[in-house]
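Respectively, the protein sequence lines represent chains R and B. Going by this note's numbering, the first sequence opens with residue 1, and the numbers climb by one from there. Going by this note's numbering, the second sequence opens with residue 1, and the numbers climb by one from there.
Derived by calculation from the structure, the hints in this document are not laboratory data. A couple of the hints might just be wrong.
Here are the computed distance ranges between Cβ atoms for each label pair [to be verified]:
1) ALA225/R - LEU215/B: 38 to 44 Å
2) ASP97/B - LYS219/R: 47 to 53 Å
3) LYS219/R - ALA130/B: 18 to 24 Å
4) PHE79/R - PRO232/B: 42 to 48 Å
5) ALA109/B - ALA225/R: 44 to 50 Å
Note that CB positions come from ideal geometry on N, CA and C, so glycine has one too.
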Amino acid sequence: MSILVDKNTRLIVQGITGNEGLFHTTQMAAYGTNVVGGVTPGKGGEWVLDGKIPVFDSVKSAKDATDANATIIFVPARFAPDAMFEAADAGIPLIICITEGVVIHDMMRVRNYLDQKKVRLIGPNCPGLLTPGEAKVGIIPGDIAIPGNVGVVSRSGTLTYEVLYAMKNLGMGASTCVGIGGDPVNGTNFIDVLEMFEHDPKTEKVNMIGEIGGNEEEKAADFIAAKMTKPVASFIAGQTAPPGKRMGHAGAIIEGGAGTAADKIKALEAAGVKVAKHPEEIPTLL
Amino acid sequence: MKLHEYQSKNIFSKYGIPIPKGRVATTAQEAKQIAEELGGRVVVKSQVLVGGRGKAGGVKLAKDAAEAEQLATQILSMEIKGLPVRKVLVDEASAIDQEIYFAITDDRASKKPVLIASAAGGVDIEEVAAKTPEKIIKAYIDPLLGLREYQARDVAVAIDLPRDYWKDFTKIAMGLWEVYKNTDASLAEINPLVITKDKKLIALDGKMMIDDNALFRQPDLAEMRDTDEDAPAEIEARKYGLSFIKLDGDIGCMVNGAGLAMTSMDVIKLFGGEPANFLDVGGGADSKKVAAAMRIILTDQNVKAVLFNIFGGITRCDEVARGILVAMDEVKPSVPMVVRLVGTNAEEGRKLLENANMITAETLADAAKKSVEAAKKGK
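Chain B with its partners taken away, still in its complex shape (with noise of 0.2 Å):
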């Protein structure tokens, strides 16, 4: 899940790292007011989950409250990458001596977490990192110990940081992995964290991902997710623990696990179909849970044929047979079903949709075969 930079700010403030002032506002005229309380020079910041709000416009400078307002209001109705702005980050402005690269990941190569810095930060931080990997400077974390402080000092020497500034760099870094650690955080970035003219260090702008799956243990932020960014039925799927993505294609796909759900779409492809979803409904699927994905894949208007590959290993093909009665009573389908299950009590599961007016099959390349022949039937 991500937070949005107000959200990401807010939550380093409480853990002692330093932010500008500034507040959200939804409409112009809050933009404005805030602006007045900050004295005049802002910076007007769009708040949408995607990169390079910057580049595409979406951040911006103003004088005085009267250019806010009017910035405001352009950035309001804007769109970046697909995604409206319907929130902007009215901040005081900074004077920049330089900008700081600053964040805490989890790295996969070494099961460690890692702290990642480098004094050419700002926009442009991809790029620094493919052509010049030097000045990118890693930390790794023992997970069991934490961050030391003698990490911090150590990286603040090899970015150059100078001597005056190490104390409150190592705070901030202390500071960080609290976040990072206590956050379930996947990534907890500053960039850039900026030295300013009057030589202190602030987080000017701040990104985090929190770990999905820890959201049980971390309600307050489970409650900040913004769902205003995903599809109606990604919600839904949610709701039930499916994992779903809606694609362009005609063939709904029903399979239990992701690597599988994934093969299945590039078979349907292979034989010159289109996939129209990604959904996995996970291991120990239940009736309930398959009949939720069936009423998802056929609010689809663009499905014109079913796919169901089942290969029960902890899921088992009679519970998901129920599941696809109980959905076939309600949801009435009208397209064709082409349904394959193998696996765990697979013939219990069969015997069920016996009567069910479903098309089956053998093998993967079989189901996707005839799920792409049932398409263009119904075209």
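Excised from the complex, chain R in its bound form (with noise of 0.2 Å):
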């Protein structure tokens, strides 16, 4: 067991023969995930991989040929809310959205139909999702990571690679690691994560990685005392980050004293979340 993607995810990518695409699609492949498609609009009928991943000219036409269940985006900001809508459309029910700077009005508008529709996003502005072992689904170095029993989450992307690449080095493995992305607005906070993780047997305790802006790991703190039964441990990034600058991150604002990481760090060791100061030292406190 493990969470949202594994040996049965059978996936498809949106922009598999752009740059990013294809080199990500070799890279799934060669760690086993099970690709089974790939959309550009366009060039359907080619074929990816020297003949091993067809082409399809929409996501339906995908679906409809190879009974996808999950697709990855790899297209430019400007197409990907397009490419979202397209993909709940045909009925994939897991979407996860690998492009940087997306709009945040667009991301308002595909949020809230993808909610209407039931579909879950991972993203966008995200590193994907990683199985240890089973399925890698998303830009996640695959050998930095081994199968276990740690759930991670986190808004960053290399961030989680240095938490994920710390934990090899000491020979604890994750059951599934989910980069949710650092945007306002996205499809799934840690909270839906902690929830999944809470219920997979195969994951016994969870690493969270925050970082200043926004309120979701105070939001987090509440739901691990009330909810959680299961150990977390977790590392705030933006420690020394100067208040009222802009560090890259729409989400990583902070606004009017609030979302800083000191008060993160209070309200998750309220919760009895141990708190790293370092991201190599998260792996030691579990």
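Given two chains presented individually in distinct reference frames, assemble the corresponding complex, making use of the accompanying hints.
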């Protein structure tokens, strides 16, 4: 067991013939992920990866031919909203959007539409999912994590790699790693994933990696205190960030003193979460 | 991206929201002339991209054109929160009966736009929100449907607006929704929206923020960007799609990913160093971007050492290594460099840098420690 993706995942790639799409399709297939097809409008009928993976013109035709149950999106930001709408309308129940820089207004429309269709979205602006030894659906380097019993959830991309790598170096493996992305409007939040980990028999403890801005970590702390029976360790990035400065992520804006690292750490510690001083310390806290 | 008051109000006006008559001046002479055209009684308002202008003395009432000139001279020589005033807006003065707060912004929690209004508008709105939250009225907007007129009417009722104003208020609300939607704004704010003594609703002040990610489809707004207030290095960084913020320390940082970049700063500080900047080269950074990033970091004379922390995912370490080599060749840096490459194509990247005379590190903690030591030696 694991959450969201595993050996039974049948994945299609939207934007499969693009630079990033093709590179990461190769990596995902090499990892053993069951990539059943791809979509690039105007390139239907072609094949990629030496004739192993068929390309379709639309998500609908890809779904009809391959019975895909998940899609990953690698298209540029201005086309990503349309790609998400298309996937939802084609009946794909799980959408992972890697694309960075999607307009927030577009994301609000996408999220509200997907909620009506009961479609699960991970991202955008995220590194995707990794269930070590089973499926890699995203851009997390496969060789930095080993199978195990720790659920990992993070708002950040590369910081997640840091933690997985530190875990591996200590012989600690992950059940599933979920990168939820750093955008202010996204598909899945900490609580959604914590709840999935709480119910996943393979997950025995959880690493939660947050950052400054917003109040998702504080809400997660409330959830942990009220509902989680499994131990949680955490790291919050941006402890030294000057207030009021924007550190790249739209989500990482400190608004009126709220959402600071100190506030988040306090809330998490009050919920019984051990908070690390630096990311390589997290695995030692579990 | 923030817009100035005068830019915001010009946009409001195009969408049928009433604003005071007025124009922008860059000299006191011009301010005087505008005041004369407007009949003498005017407000002279500094145009800088920070809040609290009024409290800092950057907004003043003039009873005639001569006083407007005098006030403009004074305000144009001011600095507000470190920002020099380069422009003033000269608006005709209004006789005010009531100040209302009115805005539409993104609400992260509900994933919807939210309309916010309060009968207690004006400069102390944040205090009102903190102390008497019941005076703040919110209406959530379905992004697929847009703001509906009944919602605007409900808000008018909730803030106890007299019935005579409902029609005009609804028109302004619908106008502000169109502004927010069509400009990809993250904030469209009128504070205050005033009821004048002669019973009119006017947007006396305006503030807008535009989603930077949307500027590709907002070319007119992109041109309005006021770069006067950005550090030159930040403008240069933006050109290359780099996210850069200058800080006060002496260890330059180049990292991929905002979260890891902030973390690298945290760990440098944890080991007794001070970061000189935040720099996220972004996902999929190529060698051109990396070279630009290195040039930007090294223009800061305070930098005594540079830390490269690259964890490859969508970014490939060999690409980054090539960028570092290009930049080293061009910039010929004299400060020590600590490099840590892990993840996608890290092996190839390390090989490329073998002869580059750089300090290498395995873990983040190790890299931070080594850069702190290197910076100390450089002092």
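Consistency of the hints with the structure:
A hinted range of 38 to 44 Å holds for the C-beta pair ALA225/R and LEU215/B, which are about 41 Å apart. Between ASP97/B and LYS219/R the CB atoms are about 41 Å apart, so this pair departs from the stated range of 47 to 53 Å. Roughly 20 Å separates the CB atoms of LYS219/R and ALA130/B, a value that falls within the hinted 18 to 24 Å. Between PHE79/R and PRO232/B the CB atoms are about 33 Å apart, so this pair departs from the stated range of 42 to 48 Å.
Taking the beta carbon of each, ALA109/B and ALA225/R are about 19 Å apart, not inside 44 to 50 Å as hinted.
Comparing the model with each numbered hint stated earlier shows that hints 2, 4 and 5 do not hold.
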